[in-house]
Structure formats: C-alpha cells, structure tokens
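**Q** Assemble the whole structure, with the sequences as input and the hints as a guide.
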Amino acid sequence: AQSVAQPEDQVNVAEGNPLTVKCTYSVSGNPYLFWYVQYPNRGLQFLLKYITGDNLVKGSYGFEAEFNKSQTSFHLKKPSALVSDSALYFCAVTDRTARQLTFGSGTQLTVLP
Amino acid sequence: DAGITQSPRYKITETGRQVTLMCHQTWSHSYMFWYRQDLGHGLRLIYYSAAADITDKGEVPDGYVVSRSKTENFPLTLESATRSQTSVYFCASSGMAGGSRETQYFGPGTRLLVL
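So the protein lines, in turn, are chains C and S. Mapping of the first sequence onto the numbering used here: residues 1 to 113, in sequence order. Mapping of the second sequence onto the numbering used here: residues 1 to 115, in sequence order.
Derived from the structure by calculation, the hints contain no laboratory data. If you're wondering where the values come from, they're calculated on a predicted model, not measured in any experiment. Fair warning: there could be bad hints in the mix.
Just some of the chain S residues that point at chain C, by a computed CB distance under 7 Å [said to hold, decoys possible]:
hint	residue
1	G40
2	G42
3	F90
4	S100
5	R101
6	T103
7	F106
8	G107
9	G109
10	L112
11	V114
Derived Cβ-Cβ restraints for the label pairs, each shown as a range [stated by the list, open to error]:
hint	chain 1	residue 1	chain 2	residue 2	range
12	S	M96	C	Q45	17 to 23 Å
13	C	G53	S	G63	40 to 46 Å
14	S	R17	C	T97	36 to 42 Å
15	C	T52	S	G3	45 to 51 Å
16	C	P113	S	E72	39 to 45 Å
17	C	T20	S	D62	33 to 39 Å
18	S	M22	C	S60	26 to 32 Å
19	C	Q45	S	T13	24 to 30 Å
20	S	T26	C	L82	27 to 33 Å
21	C	S80	S	A50	26 to 32 Å
Now the stretches of chain C that chain S is said to cover, found in silico as 3 or more residues with beta-carbon under 8 Å [stated by the list, open to error]:
hint	segment
22	44-53
23	93-100
24	104-110
We treat Cβ as the ideally placed atom computed from N, Cα and C, and that holds for glycine.
**A** Dropping the structure here:
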C-alpha cells in the first residue's frame, strides 16, 4: 500500500523568507510524486511532479521540490515566500503501476506580511 | 477552453435522497476520477474510470455509484445520501499516454451538505 505523510498541519513564514513544506512517502518500488496547491473554494492546481532524473524539480510560481530517495521525502520549497502563496498544499504519490494517487492530509501555509 | 467543470457547485439535500454530481471535461482525457475532501483526511479516491464503460473502485466507494457512457462525462450518484457523505467532491481527469506519470487536473469542486 502507498501512503503520504505531511507532518505539519500548519506552516507560518514571514514574507520574503524561504519556505519549506514537508512530505514523506511510502510506496513499493519507485514513486511518482506530485505537489498540488488549493486556494479557498477552488480545486487543486498542479505545481510540479517528480518522475525520474534530476532530484530537484522546478515547478510553477517559483516553487521547487527535492526528491530524496534515502529519506523517502519530497519537500516543497521556495526561496522567497509571497503573501499570495498562502494556501493549502497537498503532496501525492503513486507507484509506477497504479493510476490512483494517494494524497497527504495537507499543510496550510500562511505567509505573514 | 472550459477544461473540467462540475455541477452543481453547491448542493443541500436530505438524508435518504438520491443526488447526482456531474463532471464534464473537454480534453478527451481517458481517465477520470472522483475524490472527496474531508478535514484531516486530504483527498480520498471514491471511483475512477479508465475509459467509457470501464470503472473501478477507489478507497471509499461505499454508498456511491458511477457510470461513464461518454468519454467526457463521469457522473457520481449518491443513491441514498447519509450525513457522513457531507463533503467537498472533486472530479479530476488525466491523459493515458504517460501512464501513472500523467498529471491529474481537477475541477472546482461540489460542496455537498446532507441534512
């Protein structure tokens, strides 16, 4: 069975500071990993994904994520946070045989002005 | 480009009533999915479909029925709504070519309240 853990329900960061949203996963074999963002009363928007190759993945809106196989982690990062980055962030995983995504419980990011 | 749409956006119903949530996508994606979002649980897969007339259960299928007679539509029916089905429901779709690496694209959601 595959699973995702987002250990922090809430992350607060000051505008202009770097931000990190943590994600660890468990899956049989090699994973495909995804980050999505959800703004209030909206659907999920795709940010980035890791498929293979370079462990540092760059995505939309200046976000990036680092795949670490030994630590089974896929943390989301941004060098300089904006107030507009405040939203709910979801990490998701699938193995290379299944179509089903398994989502984490989400992390609410608040960027303080 | 409409993308993926859901209707209604908001629905209030009573216990025991049948409710159908609609999902429509304009990308001709092969795969479509229904999720429910509940606080503390993230998104959980209810049903998914690989193509017209092919559907399969996800993590939480009990109490739900799906059909897919056309590629672009994937309705979700609650045959006899219960209060535990109060949730926000999201439809998603993805292409087939890349297998499970394909990105899923989400609709705006339907907020359902069962009284």
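**Q** All hints are to be evaluated individually against the structure, with a verdict given for each.
**A** Consistency of the hints with the structure:
no. : hint                        : in the structure
1   : G40                         : 6 Å, holds
2   : G42                         : 4 Å, holds
3   : F90                         : 6 Å, holds
4   : S100                        : 5 Å, holds
5   : R101                        : 5 Å, holds
6   : T103                        : 5 Å, holds
7   : F106                        : 4 Å, holds
8   : G107                        : 5 Å, holds
9   : G109                        : 5 Å, holds
10  : L112                        : 14 Å, violated
11  : V114                        : 19 Å, violated
12  : S:M96 to C:Q45: 17 to 23 Å  : 22 Å, holds
13  : C:G53 to S:G63: 40 to 46 Å  : 42 Å, holds
14  : S:R17 to C:T97: 36 to 42 Å  : 39 Å, holds
15  : C:T52 to S:G3: 45 to 51 Å   : 27 Å, violated
16  : C:P113 to S:E72: 39 to 45 Å : 43 Å, holds
17  : C:T20 to S:D62: 33 to 39 Å  : 37 Å, holds
18  : S:M22 to C:S60: 26 to 32 Å  : 28 Å, holds
19  : C:Q45 to S:T13: 24 to 30 Å  : 28 Å, holds
20  : S:T26 to C:L82: 27 to 33 Å  : 31 Å, holds
21  : C:S80 to S:A50: 26 to 32 Å  : 42 Å, violated
22  : 44-53                       : holds (count 5)
23  : 93-100                      : holds (count 7)
24  : 104-110                     : holds (count 3)
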